[in-house]
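All chains, please: the whole structure from these sequences, using the hints.
Next come the chains, spelled out residue by residue.
Number of protein chains: 2
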Amino acid sequence: MSSFNAHDIARAAKNAFQEAQLIPSSERVEALHQIREALEASKAEILLANEDDLKAAEYEVRAGNMSATLLKRLDLNRGDKWDSMLQGILDVAALPDPTGNVSYASELDEDLELYRVACPIGVLLVIFEARPEVVVNIASLAIKSGNAAILKGGKESNRTTTMLAKAISAGLSKTSIPELYIQAIQTRAEVSSLLQLDQYIDLVIPRGSNSLVKNIQNNTRIPVMGHADGLCSVFIDEHADVTKAIRVVLDSKIDYPAACNASENLILHEAVVQTVWPPVAKALLDANVKLLCDPPSLNAIKHLLPTPSNYESLVSPSEPSAYDTEHLDLILSVIVLPSVGSAIQFINSHSSHHTDSIITESEAVASIFCRGVDSAGTFVNASTRFADGFRYGFGTEVGISTGRIHARGPVGLDGLVTYKYMMRSKAPSGHVVGEFGTGKKQYKHKHLSATAVPFLQ
Amino acid sequence: MSSFNAHDIARAAKNAFQEAQLIPSSERVEALHQIREALEASKAEILLANEDDLKAAEYEVRAGNMSATLLKRLDLNRGDKWDSMLQGILDVAALPDPTGNVSYASELDEDLELYRVACPIGVLLVIFEARPEVVVNIASLAIKSGNAAILKGGKESNRTTTMLAKAISAGLSKTSIPELYIQAIQTRAEVSSLLQLDQYIDLVIPRGSNSLVKNIQNNTRIPVMGHADGLCSVFIDEHADVTKAIRVVLDSKIDYPAACNASENLILHEAVVQTVWPPVAKALLDANVKLLCDPPSLNAIKHLLPTPSNYESLVSPSEPSAYDTEHLDLILSVIVLPSVGSAIQFINSHSSHHTDSIITESEAVASIFCRGVDSAGTFVNASTRFADGFRYGFGTEVGISTGRIHARGPVGLDGLVTYKYMMRSKAPSGHVVGEFGTGKKQYKHKHLSATAVPFLQ
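The listed protein sequences correspond, in order, to chains U and C. Be aware that the first sequence starts at 1, since it is given in UniProt numbering, and climbs by one per residue. Be aware that the second sequence starts at 1, since it is given in UniProt numbering, and climbs by one per residue.
The hints are simulated quantities; they were obtained by calculation from the structure and are not laboratory data. Don't be surprised by glycine CBs; every beta carbon is placed ideally from N, CA and C.
The calculated lysine-lysine pairs, modelled on BS3-like cross-linking and capped at a C-alpha distance of 25 Å, are:
1) C/Lys81 - U/Lys441
2) U/Lys444 - U/Lys426
3) U/Lys81 - U/Lys166
4) U/Lys214 - C/Lys214
5) C/Lys214 - C/Lys155
6) U/Lys81 - C/Lys440
7) U/Lys155 - U/Lys166
8) C/Lys43 - C/Lys81
9) U/Lys441 - U/Lys426
10) C/Lys441 - U/Lys81
11) U/Lys440 - C/Lys81
12) C/Lys166 - C/Lys155
13) U/Lys214 - U/Lys155
14) U/Lys72 - U/Lys155
15) C/Lys55 - C/Lys166
Simulated restraints, written as ranges between beta carbons of each label pair:
16) C/Ser349 - U/Ala41: 35 to 41 Å
17) C/Arg188 - U/Pro428: 50 to 56 Å
18) U/Ser176 - C/Lys290: 40 to 46 Å
19) U/Ala63 - C/Lys426: 51 to 57 Å
20) U/Ser339 - C/Ala259: 48 to 54 Å
Right, dumping it as structure tokens:
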């Protein structure tokens, strides 16, 4: 694709965003219902396109160029995926409007009011994997929050994506929201061109590999919100309860090992190496988890190894690189450290600032851990797997941010809004700053308890 | 400077930040008081270094390489600058702690609580002009908000900056906050190296020219918070009151023309060209403001031009580029448009999304303007010059952001914090996600009204 196309797409998105600013939020909810109906009406042709994607993908799987997992994700007709995709639209429609809320209001002077009010960001560029239902999910979140979006799914789902985007436009055409509010693009070349257009695009949200995210960050001035890695840890403190340790470590590792919030590192306080660690290790080995151990943690479980025999194949000495590896599998790297302080240092250097958990009965140590660990989530006696937008109560999530700016951790609709300041003078001759200063008027800065801007209609 | 140095500086800053996470916020306030005393104790040597900077600068001014304005800004002993710099430290110390506040709290399950709590961002890299007092101002804000900072002032102030940074470290050394919490660097080469170190530096705040900001955005993966331009507009609506129009337009233009929140464009609704515009133009001309006019606005004030004679020299036809120019001077670009809709479109294409104001008596039109104009500040019958951290009631400001992500408009201490999620299970055997799901436990997601995390000490 030429960069001319990208320019047109981006400008159309910005225009659509700006036009839609005056449309009431009830119309955005109506648009979601219309989109759901348009998708239902086009179900046959969408699934036909999906079958074409699947056929092409099956060929690639046979040729050894694609994994069977990727193939499964492509299938929009698998199980209840179609229905839950449509239900997801209604769920998003029912969430509270993230725009319009006032987070700061102040009377600067008599008849001069200032409001900080939540508003959409603008144009989002979202890049994601070959999972066609994500097109609908992200489009719903964008519309609900008042943002225009340009969507790029994995190329293996291009035919399905095109048909989904067509149905979304058809739904939008029944409302006053511009049809080009949601656009789908197909190629990496288009993404590269779009990344240069910071005059039109306000936020890039890449979902995918660490290398995808870094590559995007290196090639754009546009802010990027995403997560590079999910390298989470559990620390078993000297004051740990053994039952909690077993349950939380096990759940953090085995509930869904391929998830970014699964744990990859287990840190043991040296005081628990002979006490809590052996039963935790036994539970992990029973669940077929491979343990990469440093010498002290390995020594402490040597007595477990002879019986049953498969334990031996599951335990091996760790290489230093083990503690910087996102295994995404039934593998856990184990290290013994002398204190909560050294555990915090270790986590801050090796974890990806995603989510880290401590097992402790000491409130003082829990407090030190939660303050000292520089991650989006710091948990006490709870599985790292809780780090998720749905579990946090956001209804859904755009993704998980391991950045620190704007939004951190699971990002719900709140992460898709920013704010602007609105100020109104009701004074008979308006307000000017020249009236204030030494020997003149002074600012009142009196807190106003407003939840919405009173003069917005 | 070698990149080795930059690496050491950045790593030291990150270490200092992480060590300081466990230090109570009262110690940060104490540090500000200690820094104030250390500066007072070193006043003589700091002013001596400042004299050296001034002598070098005077030489450059004589050689025609530097403006006299820049020279004035360098002088730390001018008027009450020294005293107000020290008072500024106390002002920042007295502001409310921006960290620790809970913005979201939810009971996910019995005995499982989630808190979203404000916390520092990490390591800031702040690049600013040759105004030595800014070193102290930014250091105060960074310390108060719990962030470590690396500061780079304009090279003309290097000698003063070095001595100020020395005194700041001396102040910190009397507290438990690491001395390397605040570091000053001297060269652009060091900045370039630091911009590559996204593993250590979390936010870059450039204060300066548009080209400085763009250049930094092009050369780093680290998020950048800054403002590129200050191209503000005033729109005189058809429902405008003439007194308000005169006062607000005049104040927006002449109160401080070199400020980023001064207005550069004046947009006239075509209905006011023969009514409100001539007296507004007269007031501007009386204040010696040069008007760059489109044909309709020029025609409407032609009758003013013959007398007094200097009016004629102040009015000229506008070039198209006039409406994209930040004059920073007593110059105003004037254009006539047919509606509030076209005014909004014009502002969204030509303004820098900083601050724009409407003069109108219509609440409906004010609402349309404030929603439709995509700027950090949208004002009604008030001067654009109100867009300022002090006037907004933030006590002080780090800068003004024309970006949309994280912080927008005047950025106070709130803009220097992010948040993290803390979760605690008080259940007898901890909490795991495997307990939840179809046929199992369901999430409660019950709102908790907490203002602080109860288990933090």
